[in-house]
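**Q** All chains should be built: construct the whole structure from the sequences, respecting the hints.
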Amino acid sequence: MRSMPLDLWMLGLLLLLAVASYLYVAGLEELTR
Amino acid sequence: MLLDIVGAAITFIAVGIGAWFLAPYLVKVFTGERVFLSPVLRPVERGAYWLMGVKEDEEQSWPRYAVAVLAVTVTSLVFTYFVLRLQDHLPFNPQGFGPVAPDLAMNTAISFTTNTNWQNYTGEQTMSYFSQMVGLVMHNFLSAATGIAMAVALVRAISSRQLKTIGNFYVDATRATIYVLLPISIVAAVILLSQGAVQTLSSYPVAHTLEGVQQAIAVGPFASQEVIKDLGNNGGGPFNANSAHPFENPNGFTNQFEIFLELLIPFGLVLMFGRVVGNVKQGVAVAATMGIILVGATGLAAWAEQSGNPALTAIGVTQTNTSTQAGGNMEGKEVRFGPIYSAQFAAATTGTSTGAVDASHDSLTPLGGMVPMVLMQLGEITPGGVGAGLYGMLVFAILAVFIAGLMVGRTPEYLGKKIESKEVRLAALAILILPASILGFTALSVLAHAGLAGPLNPGAHGFSEILYAFSSQTGNNGSAFAGLTGNTVYYNSTGGAAMWLGRYMMVLPILALAGALAGKKVVPAGPGTLSTDTPLFVGLLIGVIFIVGALTFFPALALGPILDNLQLYAGHLAGG
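Which chain is which? The protein sequence lines are A and B, in order. 1 is the number of the first residue of the first sequence in the working numbering; add one for each residue after it. 1001 is the number of the first residue of the second sequence in the working numbering; add one for each residue after it.
Treat each hint with caution, since some may be false.
Said to hold, decoys possible - If you anchor each label on the Cβ, the simulated ranges turn out as follows:
no.	chain 1	residue 1	chain 2	residue 2	range
1	B	Val-1335	A	Glu-30	52 to 60 Å
2	B	Gly-1212	A	Leu-11	42 to 50 Å
3	A	Trp-9	B	Thr-1075	19 to 27 Å
4	B	Thr-1031	A	Glu-30	28 to 36 Å
5	B	Ala-1428	A	Ala-26	16 to 24 Å
6	B	Val-1335	A	Glu-29	49 to 57 Å
7	A	Ala-26	B	Met-1001	53 to 61 Å
Worth flagging that the hints you see were computed from the coordinates, not collected in a lab. Being a predicted model, the structure only gives us computed values, none of them experimental. Built from N, CA and C at the ideal position, the CB exists for glycine as well.
**A** Shown next, in the form of structure tokens:
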């Protein structure tokens, strides 16, 4: 694990995508209510 | 050539027969009825629920179903990321491969989790057996099962049952894995093994060549991986050459068998849909729509490839089909497959979300290469990925009845369920994410230095290489044009984002659509109801798919493969 900073960037990208998807579900839930 | 056409036709017919018989089995599996494998598999299924702490009869609303999909996705994705990053400390690494770089590990983890299997690496030079078998093949089952589960949820919602819920994701995914993917994989792996596909855990044997040098022959546990690669519409092969490699795809029979595996479950699910909604003809109409486009695309690609390369014709090279040569454009193709089988494989792999290749798509003629590109841009609905094709096509069907409703001024309905503004908005969201991601990332890449560093060719062909990459990744296909240096931080990151957007930003509105349709009262058909099981509807659906799906991409295609084709016939070679 010598490339720690890039690891953090990549896990950050995943976190961003996961949170965006979760918020998307919440937004769609509003739309379908 | 005639024999090749007959062989291609027999393969399609075999798919139709196989899917017809698979459909009633799928109905029983997903309604929890007893099937002939139940005595053996039911205890395994119960054990899986016990391990996961899942209550089998507990139904989920669509947001709970969606969150379950996301939770399984993120957990398994992080697991694979660390398997790849730490493979040098893990077992089954006889070649002593080092850790996979962070950006490549993330791209690969997203790729396999989203059923894309885009590969910015050479498998036999990068991945340990452990990474292949545990980190990657796990997703070949899980991502396929997830796709099937989401399609089943939408079918339930459209059917006439009066529940507001859409099933249980964990149960659907478990049943898809245990009753569908695993049994077919075991039987098909034995068939591939009998034909010469390789299956071993030994280290690479070393051959001493006639020139006196040593050559390591890459082998591995690949026959089993090959089957789920095709059956689950994953496409990520253990070899860089993918299905062009004789250890993955030894002969003409296995080539057609792999095409059969790619198409079997997607068509089976569509026919299952007809049975679940209580009208087999509804499933047949959707399957016919998919089949007509797929056969047409295969014919166009086969014609383009068999016609050969005009630049070679101009300098007097014979590309005609004779008793001693297949003829046509043979650049980047295997002699044992020839242009027609290769074209059929290209259409099947991109009509589904498989992305396996038995020929270099970069070496297809411009028009031949445009066919797989368009099939991916349509959203891979002909017949589409396992599950993904069915839910993608049902969204187009909903859009088609909406457009038909606008024409005659009636509230549209599909299978007795009123399609209102809420449903149309969700369908539009699902459809628009594809062009937004494909065209957005392509535009960014032709503007950014890091993006322009990728293509190996200048001009129209280079543009096609970028457009193909984002079409493939957003469409969760995974096939590569192979003319793009993708293993860079830029392409690994943007590609990873495109794969995620293409999978979840498309499927979440579809699950919401399922939630909106679930429990809606079924209105009996009246004299003004548009029948959705007739040839007229099939024609309408094909029209909507091409108007909405294909015309969105026409300007981009004009800059890529269409211009490439015109230049080729005018004698201006890209990069020449």
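**Q** Look at each hint and say if it fits the structure.
**A** Cross-check of the supplied hints:
| no. | hint | result |
| --- | --- | --- |
| 1 | B/Val-1335 - A/Glu-30: 52 to 60 Å | holds, 58 Å |
| 2 | B/Gly-1212 - A/Leu-11: 42 to 50 Å | holds, 48 Å |
| 3 | A/Trp-9 - B/Thr-1075: 19 to 27 Å | holds, 21 Å |
| 4 | B/Thr-1031 - A/Glu-30: 28 to 36 Å | holds, 32 Å |
| 5 | B/Ala-1428 - A/Ala-26: 16 to 24 Å | holds, 19 Å |
| 6 | B/Val-1335 - A/Glu-29: 49 to 57 Å | holds, 55 Å |
| 7 | A/Ala-26 - B/Met-1001: 53 to 61 Å | holds, 56 Å |
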